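A.B. asks: Next come the chains, spelled out residue by residue.
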Amino acid sequence: MKKTLALILALCMVFALAACGTDNKPVTSGANITPSETQKQDTPATPSTSADLTPTEPIADVMTHDEYVAAPLDSDVKIETYVQATQSWWDGKITIYAQSPDGAYFIYNAACSEEDAAKLVPGTKIAVEGVKSEWSGEVEIVDGTFEILDGEPYYANPEDVTELLGDPSLIDHQNEYVSFLTMTVEPIGDDGAAFLYNWDGSGQEGSDLYFNASVNGVTYNFTVESYLTGSGTDVYEAVKGLRVGDVIDMVGYLYWYNGANPHITSVTKSEYMSHADYLLAELDSPVSVITYVQATQSWWDGKLTIYAQSPDGAYFIYNAACDEATAKFLVPGTKIAVSGYKSEWSGEVEIVDAAISPFSNGNYIAEPTDVTALLGTEELIAHQNEFVSFKGMKVEPVNGDKAFMYGWDGSGEDGSDLYFDVSVNGHTYTFTVESYLCGPGTEVYEAVKNLKVGDTVDMEGFLYWYEGVNPHITSVTVK
Amino acid sequence: MKKALSLLIALAVVLSLSACHGNVSRESFVPPEEFDSSRHFDLNFWAKNDTNKYQTAIYQKAIEDFEALYPNIEVNLRLYTDYGRIYQDVITNIATNTTPNICITYPDHIATYKTGSEVVVPLDELMVNAKYGLGGSEVKFDAPTVSEIVPQFLSECYIDGVCYALPFMRSTEACYVNKTLVEKLGYTLPDMLTWDFVWEVSEKAMEKDADGVFKVNGQKVMIPFIYKSTDNMMISMLRQKGADYSTAAGEVLIFNDTTRSLLLEIAEHAGTRAFSTFKISSYPGNFLNAGQCIFAVDSTAGATWMGTDAPNIDIPKENLVDFETVVMEIPQYDVSHPQMMSQGPSACIFNKDDPQEVLASWLFLQYLITNEVQIAYSETEGYLPVTLKAQSDPSYVEYLSLRGSDTEHYYVKIDAAKLLQSHTANTFTTPVFNGSASLRDAAGQMIEEVTKGMRRGKTVDDQFIDELYADMTSLYRLDSIEAGQSTALQPLPTESKVLLGALAAVWVGIGAVYLIRIIKKRENS
Numbered sequence: 001m002k003k004t005l006a007l008i009l010a011l012c013m014v015f016a017l018a019a020c021g022t023d024n025k026p027v028t029s030g031a032n033i034t035p036s037e038t039q040k041q042d043t044p045a046t047p048s049t050s051a052d053l054t055p056t057e058p059i060a061d062v063m064t065h066d067e068y069v070a071a072p073l074d075s076d077v078k079i080e081t082y083v084q085a086t087q088s089w090w091d092g093k094i095t096i097y098a099q100s101p102d103g104a105y106f107i108y109n110a111a112c113s114e115e116d117a118a119k120l121v122p123g124t125k126i127a128v129e130g131v132k133s134e135w136s137g138e139v140e141i142v143d144g145t146f147e148i149l150d151g152e153p154y155y156a157n158p159e160d161v162t163e164l165l166g167d168p169s170l171i172d173h174q175n176e177y178v179s180f181l182t183m184t185v186e187p188i189g190d191d192g193a194a195f196l197y198n199w200d201g202s203g204q205e206g207s208d209l210y211f212n213a214s215v216n217g218v219t220y221n222f223t224v225e226s227y228l229t230g231s232g233t234d235v236y237e238a239v240k241g242l243r244v245g246d247v248i249d250m251v252g253y254l255y256w257y258n259g260a261n262p263h264i265t266s267v268t269k270s271e272y273m274s275h276a277d278y279l280l281a282e283l284d285s286p287v288s289v290i291t292y293v294q295a296t297q298s299w300w301d302g303k304l305t306i307y308a309q310s311p312d313g314a315y316f317i318y319n320a321a322c323d324e325a326t327a328k329f330l331v332p333g334t335k336i337a338v339s340g341y342k343s344e345w346s347g348e349v350e351i352v353d354a355a356i357s358p359f360s361n362g363n364y365i366a367e368p369t370d371v372t373a374l375l376g377t378e379e380l381i382a383h384q385n386e387f388v389s390f391k392g393m394k395v396e397p398v399n400g401d402k403a404f405m406y407g408w409d410g411s412g413e414d415g416s417d418l419y420f421d422v423s424v425n426g427h428t429y430t431f432t433v434e435s436y437l438c439g440p441g442t443e444v445y446e447a448v449k450n451l452k453v454g455d456t457v458d459m460e461g462f463l464y465w466y467e468g469v470n471p472h473i474t475s476v477t478v479k
Numbered sequence: 001m002k003k004a005l006s007l008l009i010a011l012a013v014v015l016s017l018s019a020c021h022g023n024v025s026r027e028s029f030v031p032p033e034e035f036d037s038s039r040h041f042d043l044n045f046w047a048k049n050d051t052n053k054y055q056t057a058i059y060q061k062a063i064e065d066f067e068a069l070y071p072n073i074e075v076n077l078r079l080y081t082d083y084g085r086i087y088q089d090v091i092t093n094i095a096t097n098t099t100p101n102i103c104i105t106y107p108d109h110i111a112t113y114k115t116g117s118e119v120v121v122p123l124d125e126l127m128v129n130a131k132y133g134l135g136g137s138e139v140k141f142d143a144p145t146v147s148e149i150v151p152q153f154l155s156e157c158y159i160d161g162v163c164y165a166l167p168f169m170r171s172t173e174a175c176y177v178n179k180t181l182v183e184k185l186g187y188t189l190p191d192m193l194t195w196d197f198v199w200e201v202s203e204k205a206m207e208k209d210a211d212g213v214f215k216v217n218g219q220k221v222m223i224p225f226i227y228k229s230t231d232n233m234m235i236s237m238l239r240q241k242g243a244d245y246s247t248a249a250g251e252v253l254i255f256n257d258t259t260r261s262l263l264l265e266i267a268e269h270a271g272t273r274a275f276s277t278f279k280i281s282s283y284p285g286n287f288l289n290a291g292q293c294i295f296a297v298d299s300t301a302g303a304t305w306m307g308t309d310a311p312n313i314d315i316p317k318e319n320l321v322d323f324e325t326v327v328m329e330i331p332q333y334d335v336s337h338p339q340m341m342s343q344g345p346s347a348c349i350f351n352k353d354d355p356q357e358v359l360a361s362w363l364f365l366q367y368l369i370t371n372e373v374q375i376a377y378s379e380t381e382g383y384l385p386v387t388l389k390a391q392s393d394p395s396y397v398e399y400l401s402l403r404g405s406d407t408e409h410y411y412v413k414i415d416a417a418k419l420l421q422s423h424t425a426n427t428f429t430t431p432v433f434n435g436s437a438s439l440r441d442a443a444g445q446m447i448e449e450v451t452k453g454m455r456r457g458k459t460v461d462d463q464f465i466d467e468l469y470a471d472m473t474s475l476y477r478l479d480s481i482e483a484g485q486s487t488a489l490q491p492l493p494t495e496s497k498v499l500l501g502a503l504a505a506v507w508v509g510i511g512a513v514y515l516i517r518i519i520k521k522r523e524n525s
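Quick note, the sequences are listed as chains A and B, same order. Okay, so the first sequence: first residue is 1 according to our numbering, each after it adds one. Okay, so the second sequence: first residue is 1 according to our numbering, each after it adds one.
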């Protein structure tokens with residue numbers, strides 16, 4: 001009875017607490033956004049049949065992938081795996097990209113008749129015997145032979161390893177079928193091209209293609225291996241059509257050559273655009289970008305305003321729908337996907353009506369660009385919304401002899417936006433400490449309150465626009 | 001064990017009851033016989049200004065002057081620039097009994113505040129209190145009497161027949177017209193604008209030359225018609241059409257065929273880009289002053305930002321153009337019966353445990369509608385004092401007469417105030433109920449959505465409107481507004497009913513166990 005009573009009591013308390021606060025909460029209109037990257041990234045490029053696999057008893061001396069990894073170089077190995085792709089057969093040999101549910105293999109130049117080569121379609125189960133070897137970092141089976149086995153086919157799903165680029169753990173995925181998502185095409189070669197025929201541009205149509213793509217501000221090199229996917233294949237033609245700044249999704253095999261050197265088998269334009277494309281997009285058109293949070297204004301009423309920047313440009317995301325929990329997750333550096341509409345409001349180009357999805361990985365913090373010399377020039381607007389710095393500016397009097405004002409005309413009080421004038425080269429500009437970005441108690445807010453007319457200051461902030469340049473300052477240092 | 005169990009039960013009961021903190025309960029305010037001038041009172045006054053330093057100064061001077069009259073009362077000013085933030089903060093503080101004492105606000109918001117029991121102080125008795133009421137014998141300043149408050153404005157402060165606020169300042173919307181461009185397009189301004197005229201001229205202004213430059217202003221930018229407050233726009237259009245919006249009791253009626261036809265009409269002009277809104281494009285005044293807008297609808301309280309010679313300018317000087325500004329009524333469907341919004345802040349006082357503190361709050365609220373405060377504040381913008389006493393004061397009459405003589409008497413500002421003064425009888429407000437603020441938001445958002453939709457190449461048709469109606473109902477929870485009960489206490493939610501039922505069962509169980517044990521004990525003994 002006591003237990004029952006206690007249970008009822010506990011239930012009462014739970015009900016009591018659950019009932020609390022349902023009626024008098026202010027209504028908010030923001031959509032609930034749950035941090036998620038999985039929905040996009042888990043979408044398989046090819047349907048998986050792994051669930052249909054019928055486990056087969058390994059033959060006595062067949063190694064698991066772990067045993068293969070543990071085997072010393074130059075030792076005999078025997079594995080069973082599944083063909084994922086092959087390079088073109090030539091001279092009684094074939095190179096196979098293979099993968100099992102527990103790991104991947106690169107089988108280099110296995111002995112193979114042309115007739116058997118035709119049977120090595122993706123998914124085919126094979127037994128391979130050979131010697132474990134390493135060539136410029138690529139661990140592979142050489143001098144191998146294979147036997148085609150009966151069994152359900154297996155197609156590997158590409159695993160997104162974008163955020164592992166540059167990380168030592170990437171090598172754990174060597175030879176696997178992988179994807180790289182929302183990367184930005186970077187220039188390659190002396191002419192800043194989007195791709196090269198051969199690594200140094202010495203090739204021609206039909207040669208391997210080399211191109212660069214970046215993420216998190218770091219650039220990596222990718223290859224379209226012509227023996228795997230040559231001229232005329234979709235990926236070959238797609239890479240030839242790339243432009244610097246394109247944002248792309250890629251799929252391929254994590255080949256190694258003195259470091260990661262993926263053999264890309266698919267390149268598609270990402271649903272997300274580069275900053276260059278964003279600038280070209282018409283006002284009121286839908287835009288989607290991948291970028292990185294640099295700062296946020298205070299969350300309110302289901303909305304969040306974000307200062308964001310990528311290595312190729314910056315964005316101002318106004319009043320994005322965002323629940324409070326997600327807002328707390330969006331610390332500087334956080335990678336986010338943003339979909340909304342491009343808009344302009346008093347000269348400020350921004351993304352409105354935006355939905356944001358944070359990634360769990362990814363980090364980029366922009367370094368400030370010194371734009372002091374650009375003040376008063378038409379070039380300045382090219383840096384709109386970027387994190388910038390201003391050096392050696394002089395504090396000018398406002399509202400009589402004051403160094404700053406609460407509100408644009410001094411109508412505010414502590415907690416209001418701060419406005420102050422600074423000059424350089426004989427021209428005076430009005431800068432703002434936006435209280436929703438840096439409110440009372442922040443270093444910059446207090447620093448501006450302590451400014452004196454005549455002080456020389458260095459500043460950093462975001463190059464906001466309101467009927468002209470109106471930087472939102474985040475740090476002030478008196479020299 | 002039994003003691004522990006009893007303690008647990010008591011705790012559960014306490015927790016159960018304290019969990020329902022949403023509706024704060026407090027004793028009704030009863031005015032004290034005498035104001036205790038021997039005690040010190042700290043009052044918190046939450047106010048809103050239009051980011052206008054003169055308004056801030058007037059608040060501060062009002063506080064200084066009031067404190068000089070009542071040295072035992074100290075008023076702490078907290079300034080906001082956004083009514084929405086005041087509303088949210090008040091809501092938050094109701095739950096913790098930390099509301100301000102006096103608050104500038106809108107009746108729509110008060111309707112929500114007063115869902116808590118005795119949160120907002122009813123003013124009916126206070127206003128007529130012989131000693132401390134409006135113009136009462138013990139009031140230390142020259143306060144207006146009830147009959148000296150503009151009846152139209154005072155009536156807006158009644159909710160369910162009870163007065164919960166005093167009007168503080170009143171404005172309406174005006175259409176600030178670039179007469180120069182209207183005439184350049186070959187039109188003559190009528191005595192009163194009609195919607196047809198505004199749409200026609202706006203479409204005409206969209207003509208471009210071969211280089212994509214607008215013929216009327218020789219610029220690459222032209223948005224002929226910009227409306228600042230789209231909720232007011234929709235509400236005014238419906239009112240002028242005699243169409244439904246809501247009942248006084250809170251029944252939502254806005255999703256009707258007239259609204260649909262208005263949205264389709266607006267969409268047509270949004271599609272040509274002849275029409276836009278503040279939320280989408282920015283301040284109407286900025287475009288007006290740059291010669292990029294012909295009809296800029298904004299509050300009369302924004303008059304100092306309108307026109308070539310406006311005292312407040314928000315765009316680079318090199319972008320200013322010369323033109324003649326005319327202040328007109330908002331466009332009408334029936335010029336013989338013009339209708340326009342009455343808007344502007346009111347002020348309420350919040351109940352406290354100490355009636356003396358509430359009385360002190362009331363005295364300060366009363367001070368806010370004295371001539372000194374009313375005239376000074378109204379002259380900062382195109383506001384109109386809320387009392388006939390102030391409007392007829394010689395200093396205010398002289399102020400109006402000096403139209404255009406200098407910056408302080410900027411003609412657009414004074415024309416804006418006169419617009420409301422001459423049309424007070426043509427103003428209206430919408431019914432106030434718990435949820436009316438959400439309905440207002442939805443009214444405006446529908447215009448924003450069709451405008452954005454057209455700009456973004458969507459098809460705005462009946463299907464779009466149907467979906468919009470459903471979205472607005474859901475987003476603003478308009479289907480949860482209960483007509484007729486909106487400002488009273490809400491019925492218990494299901495969870496609470498279950499909880500109370502469970503508690504009753506627990507007590508019955510405890511009683512039964514106790515009884516059985518007594519019986520067993522007696523049997524054993």
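Please note: incorrect hints may appear among the correct ones.
Straight-line distance between alpha carbons at most 25 Å, and here's what the computed SDA-like set of lysine to any residue pairs gives [what the hints assert, rightly or not]: (1) LYS228(B) x ILE171(A); (2) LYS317(B) x VAL398(A); (3) LYS78(A) x ILE171(A); (4) LYS279(B) x ASP284(A); (5) LYS279(B) x THR432(A); (6) LYS279(B) x GLU467(A); (7) LYS220(B) x GLY468(A); (8) LYS61(B) x GLY400(A); (9) LYS402(A) x GLY376(A); (10) LYS303(A) x LYS418(B); (11) LYS279(B) x TYR466(A); (12) LYS402(A) x THR81(B); (13) LYS279(B) x GLY347(A); (14) LYS317(B) x VAL331(A); (15) LYS220(B) x ASP36(B); (16) LYS418(B) x THR429(B); (17) LYS53(B) x VAL398(A); (18) LYS279(B) x GLU324(A); (19) LYS317(B) x TRP300(A); (20) LYS228(B) x LYS402(A); (21) LYS402(A) x GLU386(A); (22) LYS458(B) x PRO286(A); (23) LYS279(B) x GLU114(A); (24) LYS317(B) x ASP284(A); (25) LYS452(A) x ASP401(A); (26) LYS342(A) x GLU467(B); (27) LYS53(B) x THR432(A).
Far from chain A, by Cβ distances over 10 Å, these chain B residues were calculated [stated by the list, open to error]: (28) ASP393; (29) SER395; (30) ASN426.
The set of hints was computed from the structure by calculation and includes no laboratory data. For clarity, every value in this text was computed on a predicted model and none was experimentally measured. By construction, the Cβ of each residue, glycine as well, lies at the ideal position given by its N, Cα and C atoms.
A.B. asks: Compare the structure with each hint and give your call.
C.D. replies: Taking the hints in turn, this is what the structure says about them:
Among the hinted pairs, LYS228(B) with ILE171(A) is inconsistent with the structure: their alpha-carbon atoms are about 58 Å apart, more than 25 Å. For the suggested pair LYS317(B) and VAL398(A), the alpha carbons sit about 18 Å apart, so the restraint of at most 25 Å is met. For the hint pairing LYS78(A) with ILE171(A), the CA-to-CA distance comes to about 22 Å; that is within 25 Å, so the pair holds. The hinted pair formed by LYS279(B) and ASP284(A) meets the criterion: a straight-line CA distance of about 13 Å does not exceed 25 Å.
Proximity of LYS279(B) to THR432(A) is assessed by CA-CA distance (about 22 Å); at most 25 Å being required, the pair is judged to hold. Distance check on the hinted pair: LYS279(B) and GLU467(A) sit about 15 Å apart at the alpha-carbon level, within 25 Å; holds. With a C-alpha separation of about 17 Å, the suggested pairing of LYS220(B) with GLY468(A) holds against the 25 Å cut-off. Note on LYS61(B) and GLY400(A): the hinted pairing holds, with a Cα-Cα distance of about 20 Å set against a maximum of 25 Å.
Restraint check: the Cα-Cα separation between LYS402(A) and GLY376(A) comes to about 24 Å, which is no more than 25 Å; the hinted pair holds. Between LYS303(A) and LYS418(B), the direct Cα distance comes to roughly 39 Å. Violation of the 25 Å bound is thereby established for this hinted pair. Restraint check for LYS279(B) and TYR466(A): the C-alpha separation of about 14 Å stays at or below 25 Å, so the hint holds. For the hint linking LYS402(A) to THR81(B), the alpha-carbon distance of about 22 Å falls within 25 Å, and the restraint holds.
For the given pair, LYS279(B) sits about 13 Å from GLY347(A) by alpha-carbon distance, which is consistent with the 25 Å threshold. The suggested pairing of LYS317(B) with VAL331(A) is violated, with an alpha-carbon distance near 39 Å, which exceeds 25 Å. Using a Cα cut-off of 25 Å, the hinted pair LYS220(B) and ASP36(B) is violated, with the two alpha carbons roughly 66 Å apart. For a cut-off of 25 Å, the pair hint linking LYS418(B) to THR429(B) stands: about 19 Å separates their Cα positions.
A threshold of 25 Å between alpha carbons decides the hint, and for LYS53(B) with VAL398(A) the separation of about 13 Å falls inside it, so the pair holds. Of the pairs offered as hints, the one joining LYS279(B) and GLU324(A) holds, with about 23 Å between alpha carbons and a cut-off of 25 Å not exceeded. Simply put, LYS317(B) and TRP300(A) have alpha-carbon atoms about 34 Å apart, too far for the 25 Å limit, and the pair is violated. Between the alpha carbons of LYS228(B) and LYS402(A) the distance comes to roughly 33 Å, so the proposed pair goes past 25 Å and is violated.
The hinted pair formed by LYS402(A) and GLU386(A) fails the criterion: a straight-line CA distance of about 29 Å is larger than 25 Å. Only pairs whose Cα atoms come within 25 Å are accepted, and LYS458(B) paired with PRO286(A) is accepted, the gap being roughly 11 Å. In summary, the hint linking LYS279(B) to GLU114(A) is not supported, as the alpha carbons are separated by about 68 Å, beyond the 25 Å threshold. For the suggested pair LYS317(B) and ASP284(A), the alpha carbons sit about 28 Å apart, so the restraint of at most 25 Å is broken.
In summary, the hint linking LYS452(A) to ASP401(A) is supported, as the alpha carbons are separated by about 9 Å, within the 25 Å threshold. With a C-alpha separation of about 23 Å, the suggested pair LYS342(A) and GLU467(B) falls inside the 25 Å cut-off, and the hint holds. A hinted pair counts as satisfied when its Cα atoms are at most 25 Å apart, and LYS53(B) with THR432(A) qualifies at roughly 17 Å. For ASP393(B), the condition that its CB be more than 10 Å from all CB atoms of chain A holds, with the nearest at approximately 25 Å.
Distance check on SER395(B): its Cβ is at least 24 Å (rounded) from any Cβ of chain A, clearing the 10 Å threshold; non-interface status holds. Residue-level check passed: ASN426(B) sits 32 Å from the nearest beta carbon of chain A, beyond 10 Å.
The earlier numbered hints that this structure contradicts are 1, 10, 14, 15, 19, 20, 21, 23 and 24.
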